[in-house]
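Residue numbers (numbering that gives the first Met the number 0), protein chains in the order written: chain A, 0 to 278; chain B, 0 to 282; chain C, 0 to 273.
Worth double-checking, as some hints may not be accurate.
Computed cross-link-like contacts, BS3-like style, restricted to lysine-lysine with a CA-CA straight-line distance of at most 25 Å [claimed, not checked]: (1) B:Lys180 <-> A:Lys9; (2) A:Lys2 <-> C:Lys98; (3) A:Lys32 <-> B:Lys120; (4) B:Lys180 <-> C:Lys141; (5) B:Lys278 <-> C:Lys206; (6) A:Lys1 <-> B:Lys162; (7) C:Lys98 <-> A:Lys1; (8) C:Lys98 <-> C:Lys43; (9) B:Lys180 <-> A:Lys1; (10) C:Lys206 <-> C:Lys232; (11) B:Lys162 <-> C:Lys169; (12) C:Lys164 <-> B:Lys181; (13) A:Lys6 <-> C:Lys107; (14) B:Lys175 <-> C:Lys98; (15) A:Lys9 <-> C:Lys98; (16) A:Lys9 <-> B:Lys162; (17) B:Lys175 <-> A:Lys2; (18) C:Lys107 <-> B:Lys162; (19) C:Lys107 <-> B:Lys175; (20) C:Lys218 <-> C:Lys206; (21) C:Lys43 <-> A:Lys6; (22) C:Lys141 <-> C:Lys164; (23) A:Lys95 <-> C:Lys169; (24) B:Lys181 <-> C:Lys141; (25) A:Lys1 <-> B:Lys278.
Hints listed in this document are in silico derivations from the structure and should not be mistaken for laboratory results.
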Amino acid sequence: MKKLEEKIFKFLMIGSTVLILSVLLYILYVIMKKGLPSLSWDMISKIPSGGFYLGKEGGILNAIMGSLYLIFFSVVISLMVSVPVVMYLNFTLRRKSRLAAFARLTFDVLFGIPSIVYGAFGFTLMIYFGLQASLLGGIIAISLLIIPVMIRSIDEVAILIPNDLVEATKSLGATNYETIKVIARQLLPGISTAVLLSIGRGIGDAATVLFTAGYTDSIPTSLTQPTASLPLAIFFQLSSPVEEVQNRAYAAALVLTIIILTLSFAARYFSRRLSKNKI
Amino acid sequence: MLLATILSIFILFLIGGGLLAKSLPIMQEKSLWTLLTTSNWRPFKGDFGFASYILSTLYVTAIAIAIALPLSLLTSIYIIEYASPRILRAFTAVVDLLSGIPPVIYGVWGTLTIVPFISEKLAPHFVEFSTGYSVLAGGIVLAIMITPLIISILIEVFSAVPKEMREASLSLGATKWQTVKKVVIRKSIPGIVAATVLAISRAFGETIAVLMVCGNFTDLPKSIFDACYPIPALIANNYGEMMSVPRYESALMFAAFLLFFIIVLFNVISRLVLIQIDKRYQL
Amino acid sequence: MELMTAPLIAEQPTPNAKSSSGCLRPHIEVENLNLYIQNNHILKNINLAIPDKSITCIIGPSGCGKTTLLRTFNRLHDDSVDVKITGKLFVDCEDIYAKDTEVTHIRKKMGLLAQRPCSLPMSIIDNVAYGPRIHGVRGRRKLYAIARHQLNAVGLWDEVKDRLKSPASKLSIGQQQRLCLARGLAVEPEIILGDEATSALDPISSKTIEELFLSIKDKYTIVLVTHTLRQAKRIADYVAFMYMGELIEFGTADQLFNHPKHKLTKEYISGGFS
Numbered sequence: 000m001k002k003l004e005e006k007i008f009k010f011l012m013i014g015s016t017v018l019i020l021s022v023l024l025y026i027l028y029v030i031m032k033k034g035l036p037s038l039s040w041d042m043i044s045k046i047p048s049g050g051f052y053l054g055k056e057g058g059i060l061n062a063i064m065g066s067l068y069l070i071f072f073s074v075v076i077s078l079m080v081s082v083p084v085v086m087y088l089n090f091t092l093r094r095k096s097r098l099a100a101f102a103r104l105t106f107d108v109l110f111g112i113p114s115i116v117y118g119a120f121g122f123t124l125m126i127y128f129g130l131q132a133s134l135l136g137g138i139i140a141i142s143l144l145i146i147p148v149m150i151r152s153i154d155e156v157a158i159l160i161p162n163d164l165v166e167a168t169k170s171l172g173a174t175n176y177e178t179i180k181v182i183a184r185q186l187l188p189g190i191s192t193a194v195l196l197s198i199g200r201g202i203g204d205a206a207t208v209l210f211t212a213g214y215t216d217s218i219p220t221s222l223t224q225p226t227a228s229l230p231l232a233i234f235f236q237l238s239s240p241v242e243e244v245q246n247r248a249y250a251a252a253l254v255l256t257i258i259i260l261t262l263s264f265a266a267r268y269f270s271r272r273l274s275k276n277k278i
Numbered sequence: 000m001l002l003a004t005i006l007s008i009f010i011l012f013l014i015g016g017g018l019l020a021k022s023l024p025i026m027q028e029k030s031l032w033t034l035l036t037t038s039n040w041r042p043f044k045g046d047f048g049f050a051s052y053i054l055s056t057l058y059v060t061a062i063a064i065a066i067a068l069p070l071s072l073l074t075s076i077y078i079i080e081y082a083s084p085r086i087l088r089a090f091t092a093v094v095d096l097l098s099g100i101p102p103v104i105y106g107v108w109g110t111l112t113i114v115p116f117i118s119e120k121l122a123p124h125f126v127e128f129s130t131g132y133s134v135l136a137g138g139i140v141l142a143i144m145i146t147p148l149i150i151s152i153l154i155e156v157f158s159a160v161p162k163e164m165r166e167a168s169l170s171l172g173a174t175k176w177q178t179v180k181k182v183v184i185r186k187s188i189p190g191i192v193a194a195t196v197l198a199i200s201r202a203f204g205e206t207i208a209v210l211m212v213c214g215n216f217t218d219l220p221k222s223i224f225d226a227c228y229p230i231p232a233l234i235a236n237n238y239g240e241m242m243s244v245p246r247y248e249s250a251l252m253f254a255a256f257l258l259f260f261i262i263v264l265f266n267v268i269s270r271l272v273l274i275q276i277d278k279r280y281q282l
Numbered sequence: 000m001e002l003m004t005a006p007l008i009a010e011q012p013t014p015n016a017k018s019s020s021g022c023l024r025p026h027i028e029v030e031n032l033n034l035y036i037q038n039n040h041i042l043k044n045i046n047l048a049i050p051d052k053s054i055t056c057i058i059g060p061s062g063c064g065k066t067t068l069l070r071t072f073n074r075l076h077d078d079s080v081d082v083k084i085t086g087k088l089f090v091d092c093e094d095i096y097a098k099d100t101e102v103t104h105i106r107k108k109m110g111l112l113a114q115r116p117c118s119l120p121m122s123i124i125d126n127v128a129y130g131p132r133i134h135g136v137r138g139r140r141k142l143y144a145i146a147r148h149q150l151n152a153v154g155l156w157d158e159v160k161d162r163l164k165s166p167a168s169k170l171s172i173g174q175q176q177r178l179c180l181a182r183g184l185a186v187e188p189e190i191i192l193g194d195e196a197t198s199a200l201d202p203i204s205s206k207t208i209e210e211l212f213l214s215i216k217d218k219y220t221i222v223l224v225t226h227t228l229r230q231a232k233r234i235a236d237y238v239a240f241m242y243m244g245e246l247i248e249f250g251t252a253d254q255l256f257n258h259p260k261h262k263l264t265k266e267y268i269s270g271g272f273s
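Kindly generate the complete structure, drawing on both the sequences and the hints.
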């Protein structure tokens with residue numbers, strides 16, 4: 000009887016593992032099958048021209064550049080906030096401090112908040128400050144979204160750094176600045192992984208940019224202009240009745256997927272390489 | 000640095016407060032009870048009943064968890080306890096990849112594969128007609144989205160069970176499966192709870208993927224093959240029109256606040272539950 | 000370095016008293032056992048006979064393979080992918096490394112005390128009842144009686160009788176180790192294996208565990224890996240000395256400590272290296 004139970008579960012376990020693997024492969028396959036035919040050099044190097052949405056020329060460069068701008072500035076802002084916060088939590092506050100525990104709880108909760116809430120809130124902020132849907136609006140929303148992701152990711156690494164390292168460095172007569180350099184080097188793999196993770200999360204998210212970044216056919220030249228983004232490009236074009244346009248949505252989906260996959264591999268590669276120096 | 004920390008913590012309250020402030024107009028106009036339990040949604044007439052949206056969200060989330068949790072548990076147990084280290088490494092890579100895929104891609108894939116499948120192959124066995132854009136489609140797509148999340152947490156959690164504990168059980172003559180059932184899983188309960196909470200939060204609030212496959216139809220779904228309209232989809236679809244009708248903006252902000260509130264509450268409660276489990280059982 | 004090809008067994012261990020199955024071998028007999036981890040030859044041609052109902056201590060410097068050897072007795076290396084084992088190991092005349100041997104009934108014959116006491120994530124009484132439950136014992140009263148009996152045997156009953164349902168992890172480390180012993184005894188083993196079972200404990204708890212071993216050795220065959228010579232001197236009936244994966248010498252405690260035959264044994268005993 001015992002044996003039977005074990006056999007049944009073993010079968011179920013292997014089954015579910017295979018199922019999950021197959022689903023991933025199937026997803027990638029479908030995206031490639033639909034997107035590859037429409038993927039051309041024109042597609043990624045041109046912005047939509049006049050009849051784009053009726054099936055004529057142009058490409059999705061507006062969306063690609065828009066997404067790149069959005070994520071670049073968001074990551075910079077998030078880094079400026081996350082790194083000091085993590086350093087403070089781990090090296091200034093004592094381990095058991097209540098503020099640290101409360102802060103971590105808050106960040107965990109923020110991590111779980113859906114992106115549409117950030118989008119809605121970003122929208123509220125924009126209205127409050129009188130901003131139009133723009134690059135800046137999108138950046139604000141995305142930054143809010145990825146700050147908890149970044150903090151959590153870097154914190155995971157920072158927690159592992161033993162306090163002794165800080166003390167040992169200080170006792171050797173290092174200045175505060177030099178101590179920070181030592182710690183920063185230890186944190187580097189964590190920070191790069193965090194950046195890559197955040198890019199992954201932020202670049203593919205539609206709900207944050209839906210209200211805040213607008214949509215346009217051109218590449219923004221200033222922060223106050225609206226901007227296109229890859230997720231929205233996919234979403235809007237998919238709902239078009241013109242088949243040509245739908246195909247472009249698939250192409251955009253493929254571009255986005257390729258970007259994400261590259262980021263994923265890069266994240267694993269760097270975290271493994273940079274861990275060589277770690278304690 | 001202290002300033003940055005305080006500011007970051009403040010974000011949570013800022014969001015909550017901001018959304019609440021924006022929802023006040025509609026909350027003042029209609030009672031909370033009306034808002035939450037009626038399903039009349041006619042913004043141009045001033046009727047805002049969220050009930051069917053709330054229910055849609057619950058249905059879709061419930062289906063997603065019902066599918067994802069058992070699958071994730073089974074897979075994680077297999078990967079950690081039974082598979083070779085090489086498979087573990089390969090599978091972790093797969094899971095990382097899956098969890099990085101943006102929701103919109105799942106939405107695209109869902110419309111291409113799941114929706115037709117339901118409409119043509121599955122639903123005809125059960126109902127007369129279904130477009131395929133349905134509660135079930137939303138649930139399935141969501142399930143696929145949250146599975147990598149649950150698995151990656153569970154893999155960490157199961158790996159954290161000390162080897163000695165497993166060996167202690169095996170040395171008593173237990174089989175591997177008995178050890179898994181009675182020792183590994185038991186020791187991992189806090190982690191499993193935490194993973195589930197995070198997954199539910201993610202499923203609850205997922206917008207674009209569900210939006211693309213759920214049908215966006217306001218009437219209360221009568222079966223899982225009917226279209227539905229979860230709250231995030233409501234907000235996303237109507238933000239463009241919300242300035243045109245009085246109270247519409249406030250209603251949508253209320254919807255956002257609902258999401259926010261439920262998820263925060265859920266997170267806090269589960270955190271408290273975990274602390275209690277830790278205190279009492281000291282697993 | 001001169002190494003003997005066969006251990007010096009000064010006295011033949013008495014045949015197994017349980018000869019109902021006609022088994023004439025000693026309780027545990029190791030025959031030409033070799034163990035490889037990846038490609039490293041860790042245990043080299045071990046031939047060893049563990050006498051019945053007595054305490055055998057395996058001693059040797061760190062890294063000599065004593066823990067690895069002990070863990071071959073209950074096939075704990077089964078789950079390690081990199082480990083390869085050749086040779087035979089007889090328990091009650093059954094070669095446990097023969098093909099298709101069922102492992103759980105072999106493990107049931109042995110109780111293992113690990114170096115760091117590892118209580119299962121459940122209450123005190125459930126810990127002790129875990130073993131019997133797995134093997135099919137039902138009935139709350141029966142399990143309670145078993146638990147009570149074993150907790151008494153290890154001297155823990157009075158300390159825990161009022162909190163049987165509380166989590167086992169709340170016990171002190173010395174108490175936990177005794178709990179682990181009670182848990183192991185509850186499956187009614189014939190053999191007890193101890194892997195440096197007292198090295199993580201304070202001296203008083205260590206002493207208690209040692210006394211427990213002494214008090215039960217007339218009913219069980221006990222094999223202990225010990226890190227300290229002093230402990231072996233205190234409680235061992237038989238001693239096996241290992242060095243760099245080989246069994247160098249085996250004999251009664253008196254023989255090994257007072258009249259060691261091998262040069263390495265002499266050096267180790269006099270504290271030459273550790």
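(message) With the threshold set at 25 Å, check whether the alpha-carbon distance from C:Lys98 to A:Lys1 stays at or below it.
(response) Holds - the C-alpha atoms of A:Lys1 and C:Lys98 are around 21 Å apart, at most 25 Å.
(request) Sort out whether C:Lys206 lies within 25 Å of B:Lys278, counting only the CA atoms. (result) Not satisfied, since the Cα-Cα distance of roughly 32 Å exceeds 25 Å.
(message) Given the hinted pair A:Lys1 and B:Lys162, is their Cα-Cα distance within 25 Å?
(response) 23 Å, holds
(message) For a C-alpha distance cap of 25 Å, please report whether B:Lys181 and C:Lys141 respect it.
(response) 20 Å, holds
(message) For C:Lys98 and C:Lys43, compute the direct alpha-carbon distance and say whether it is at most 25 Å.
(response) 21 Å, holds
(message) So if I understand the rule, the pair passes when the alpha-carbon distance is 25 Å or less; does C:Lys206 with C:Lys232 pass?
(response) 13 Å, holds
(message) Does C:Lys98 sit within 25 Å of A:Lys9, going by the straight-line distance between their CA atoms?
(response) 22 Å, holds
(request) Starting from C:Lys141, check that the Cα of C:Lys164 is at most 25 Å away, please. (result) Within the cut-off at roughly 16 Å; holds.
(message) Does C:Lys169 sit within 25 Å of B:Lys162, going by the straight-line distance between their CA atoms?
(response) Holds, at about 20 Å.
(message) Against the 25 Å threshold, does the CA-CA distance of A:Lys95 and C:Lys169 hold or violate the hint?
(response) 22 Å, holds
(message) With the threshold set at 25 Å, check whether the alpha-carbon distance from A:Lys32 to B:Lys120 stays at or below it.
(response) Judged against 25 Å, a Cα distance of about 22 Å means the pair holds.
(request) Take a quick look at whether A:Lys6 and C:Lys107 sit within 25 Å of each other, Cα to Cα. (result) 22 Å, holds
Violated hints, in rising order: 5, 21, 25; the structure is consistent with all others.
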